[in-house]
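Could you put the whole structure together from the sequences, leaning on the hints where they help?
Chain order of the listed sequences is A and B. Oh and the first sequence: position 335 is 334 in numbering that gives the first Met the number 0, straight run, nothing missing. Oh and the second sequence: position 156 is 155 in numbering that gives the first Met the number 0, straight run, nothing missing.
Since the hints were derived computationally from the structure, they do not count as laboratory data. Warning: the hint list may mix true and false statements.
Under the rule of at most 27 Å between Cα atoms (straight-line distance), these lysine-lysine pairs were calculated in the DSS-like manner [unchecked claim]:
#1 A:K319 with A:K1
#2 B:K311 with B:K87
#3 A:K1 with B:K87
#4 B:K315 with A:K137
Away from chain A, derived, C-beta distances all over 12 Å, residues of chain B [claimed, not checked]:
#5 A74
#6 L104
#7 F143
#8 F147
#9 G153
#10 L158
#11 R177
#12 S205
#13 D232
C-beta: ideal position from N, C-alpha, C; glycine also.
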Amino acid sequence: MKITELPRWATAVVLPLLNLLSALLVAALVIRLLGESPVESMGILINSAIINPEGLSYTLFYASTFIFTGLAVSIAMKAGLFNIGGEGQMYFGGLGLTLTMLALDHTLPGWLLIPAGMLGAAIFGAAWAFIPGYLQAKRGSHVVVTTIMFNFIAADLMNTLINKLVPVGQQNPASRVFTDAAAMPRLNTLFPILGDTPLNLSFLLAIAALAIYGLMVWRSPWGYRLRATGLNGHAAHYAGVRISRMIVVAMLVSGALAGLAAVNSIMGSTHYLSLNFPAGAGFIGIAIALMGRQHPVGIFLSAVLFGALIQGGFDLSLEKPNIPQETFVFIQGLIILFCGAMENFYGPALLKLLNVGKKG
Amino acid sequence: MFENLHIASLLVATVRSAPVLMFAAMAGLFAERSGVIDLALEGKILASAFASAAVAFSTQNVWYGIAAGTAVSAALALLQGYVSISQKGNQLVAGMAINIAISGLTFVLAQFFFQQGGRTPDLGDARLQDIVLPGTAALADVPFIGWFYGHLIGGHSVLVYLAFLLVPLVHWVLYHSRFGLRLRACGENPHAADAAGVNVETTRYSAMLIAGILCSFSGAYLAIVQSGFFLRDMSAGAGYLALTALVFGNWRPVYTALGCIMFGFFSAVQIQMEGVELPGVGRIPGSLIHMIPYVVTVIVLAGLMAKSVAPKAIGKPFVKSR
Numbered sequence: 000m001k002i003t004e005l006p007r008w009a010t011a012v013v014l015p016l017l018n019l020l021s022a023l024l025v026a027a028l029v030i031r032l033l034g035e036s037p038v039e040s041m042g043i044l045i046n047s048a049i050i051n052p053e054g055l056s057y058t059l060f061y062a063s064t065f066i067f068t069g070l071a072v073s074i075a076m077k078a079g080l081f082n083i084g085g086e087g088q089m090y091f092g093g094l095g096l097t098l099t100m101l102a103l104d105h106t107l108p109g110w111l112l113i114p115a116g117m118l119g120a121a122i123f124g125a126a127w128a129f130i131p132g133y134l135q136a137k138r139g140s141h142v143v144v145t146t147i148m149f150n151f152i153a154a155d156l157m158n159t160l161i162n163k164l165v166p167v168g169q170q171n172p173a174s175r176v177f178t179d180a181a182a183m184p185r186l187n188t189l190f191p192i193l194g195d196t197p198l199n200l201s202f203l204l205a206i207a208a209l210a211i212y213g214l215m216v217w218r219s220p221w222g223y224r225l226r227a228t229g230l231n232g233h234a235a236h237y238a239g240v241r242i243s244r245m246i247v248v249a250m251l252v253s254g255a256l257a258g259l260a261a262v263n264s265i266m267g268s269t270h271y272l273s274l275n276f277p278a279g280a281g282f283i284g285i286a287i288a289l290m291g292r293q294h295p296v297g298i299f300l301s302a303v304l305f306g307a308l309i310q311g312g313f314d315l316s317l318e319k320p321n322i323p324q325e326t327f328v329f330i331q332g333l334i335i336l337f338c339g340a341m342e343n344f345y346g347p348a349l350l351k352l353l354n355v356g357k358k359g
Numbered sequence: 000m001f002e003n004l005h006i007a008s009l010l011v012a013t014v015r016s017a018p019v020l021m022f023a024a025m026a027g028l029f030a031e032r033s034g035v036i037d038l039a040l041e042g043k044i045l046a047s048a049f050a051s052a053a054v055a056f057s058t059q060n061v062w063y064g065i066a067a068g069t070a071v072s073a074a075l076a077l078l079q080g081y082v083s084i085s086q087k088g089n090q091l092v093a094g095m096a097i098n099i100a101i102s103g104l105t106f107v108l109a110q111f112f113f114q115q116g117g118r119t120p121d122l123g124d125a126r127l128q129d130i131v132l133p134g135t136a137a138l139a140d141v142p143f144i145g146w147f148y149g150h151l152i153g154g155h156s157v158l159v160y161l162a163f164l165l166v167p168l169v170h171w172v173l174y175h176s177r178f179g180l181r182l183r184a185c186g187e188n189p190h191a192a193d194a195a196g197v198n199v200e201t202t203r204y205s206a207m208l209i210a211g212i213l214c215s216f217s218g219a220y221l222a223i224v225q226s227g228f229f230l231r232d233m234s235a236g237a238g239y240l241a242l243t244a245l246v247f248g249n250w251r252p253v254y255t256a257l258g259c260i261m262f263g264f265f266s267a268v269q270i271q272m273e274g275v276e277l278p279g280v281g282r283i284p285g286s287l288i289h290m291i292p293y294v295v296t297v298i299v300l301a302g303l304m305a306k307s308v309a310p311k312a313i314g315k316p317f318v319k320s321r
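This is the structure:
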């Protein structure tokens, strides 16, 4: 029997791996052209990002942020929406978090401050995603264009707003540092081997978010309606799903998740709001959602990979001046291209290969 | 006397900043009217800006620089076409991927070749000269006419004139040529075009190639004419703004160009308002003026000012029916 469709293990595991390998191969070629050895660079990268416990801790710290932005893009994608606005939503999430902290960090104890900060981040992130979601649902304005616009608007607004938060006598465009009560508990208090690294409670929260995402999307009636909306809006509408409401809710959840990514960056590390603190994490979320195929396990693995690329890339750039950190922005683009836009590049060839086996 | 007035310098600044958007918007117009979303305008502008600055500096010849920018941008457009048309991949994702990849790659290459923190050296003489129209000197002392002829109409580089001449040309190609008719058919109803004997894939590839070439001038203008060097991420959202002008102008050449000129005007205002005290209002932060085009676009998209109708088949890969 000839097969006409690829089995699940092939589309879920083999194709993404082949795509990832292609992206890394192109990256290796560029590193070769820059006059460095790809194998040696890979060795440095793996050593500093995975094998060294302190490096691994940094990798997981970056991954905690990326899991949230990846989830934000993923849940919108499940509803058929391409939310490019994670960057702006995370930025606004950071503003909500900061406003909450500035108001409460002298009065509340830490165990109340952390949920309050998360709530502030989620609400502001969701609010920033609400308008694009509403316009898509009610006016048919394409969410891609509006979220791009909202990224720019967020950046411009924050340029102005941050001046209101700068403490008197300071020049730096940043808010004041929060009190110690507002710091996320670090995991190195439990595992001293991690060294002095910012890996914190957010990592565990991110794992919990992955589990909740998996349960909600695949094991709840709401998730069923969400996926139905994404796969075929007309059919879902015919079956009684309120499409416009679904779109708005999906965007709200997406924005809230992007906002929560700010918790790790701010409460887990810097403890103040600074200009451009998301530093592209919202865009990395797109790569993670596409590479992880919006599956919790896939998102986790992709987030760790990107965390490792950031952490290892930092050390690599110190040793090899020809491979600056921006190389990993390039690699990120390649991964999005191969895993997102050309996801079926190897599909036909793989199908042929499997059929050859069947015939013999 | 007009040189001293703010409005005069605003107008000149508008004429000088609009071409970046106009080239890119006309490029996007071809791609999108053929049915391919061109989210990668930003990446192509940046790639062309780097290639043209790097080659113009190395060879000390502007035209080699422009040619290099065109080649790089056209190659990227064809890659984008391959993914969007032949691979039938997600066009939005492909565009984002190219933008992100180019943002990283141009920095890496600029750093590798020139070691100036992702910047190319100043181009010096390898820049386009402003064209002085004949008779400028004779009219220079005539009030208004002298300024109008010498500074607003004249005194720009050849790319500025090309940008403004492009608008009627694109209008003619789109609405009065056979290719334009086929292009629009592919963007509105590719199956009907296919049934009428038009090769949809070839038409879309041609549109992408034209888009790549036009878009390159935007980058070349940015690097060679406006700045005189390449700087990391110097496109600073121009590609997205051009896309915005396209939405704003309803995918029609003349309205889109007007949108570009309006956005150019806002950026000129932003530069002039920086640090100026307004009576009663105080200082308006530049970033708030910078925001205006994006807010206007959202309002237009929301259908509150005018209805914006995209080409019907935009973003949908064409699968020939059997």
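To see whether the hints hold, each was checked on the structure:
{"no.": "1", "hint": "A:K319 with A:K1", "in the structure": "violated (50 Å)"}
{"no.": "2", "hint": "B:K311 with B:K87", "in the structure": "holds (17 Å)"}
{"no.": "3", "hint": "A:K1 with B:K87", "in the structure": "holds (24 Å)"}
{"no.": "4", "hint": "B:K315 with A:K137", "in the structure": "holds (22 Å)"}
{"no.": "5", "hint": "A74", "in the structure": "holds (14 Å)"}
{"no.": "6", "hint": "L104", "in the structure": "violated (4 Å)"}
{"no.": "7", "hint": "F143", "in the structure": "holds (36 Å)"}
{"no.": "8", "hint": "F147", "in the structure": "holds (34 Å)"}
{"no.": "9", "hint": "G153", "in the structure": "holds (34 Å)"}
{"no.": "10", "hint": "L158", "in the structure": "holds (26 Å)"}
{"no.": "11", "hint": "R177", "in the structure": "holds (31 Å)"}
{"no.": "12", "hint": "S205", "in the structure": "holds (21 Å)"}
{"no.": "13", "hint": "D232", "in the structure": "violated (10 Å)"}
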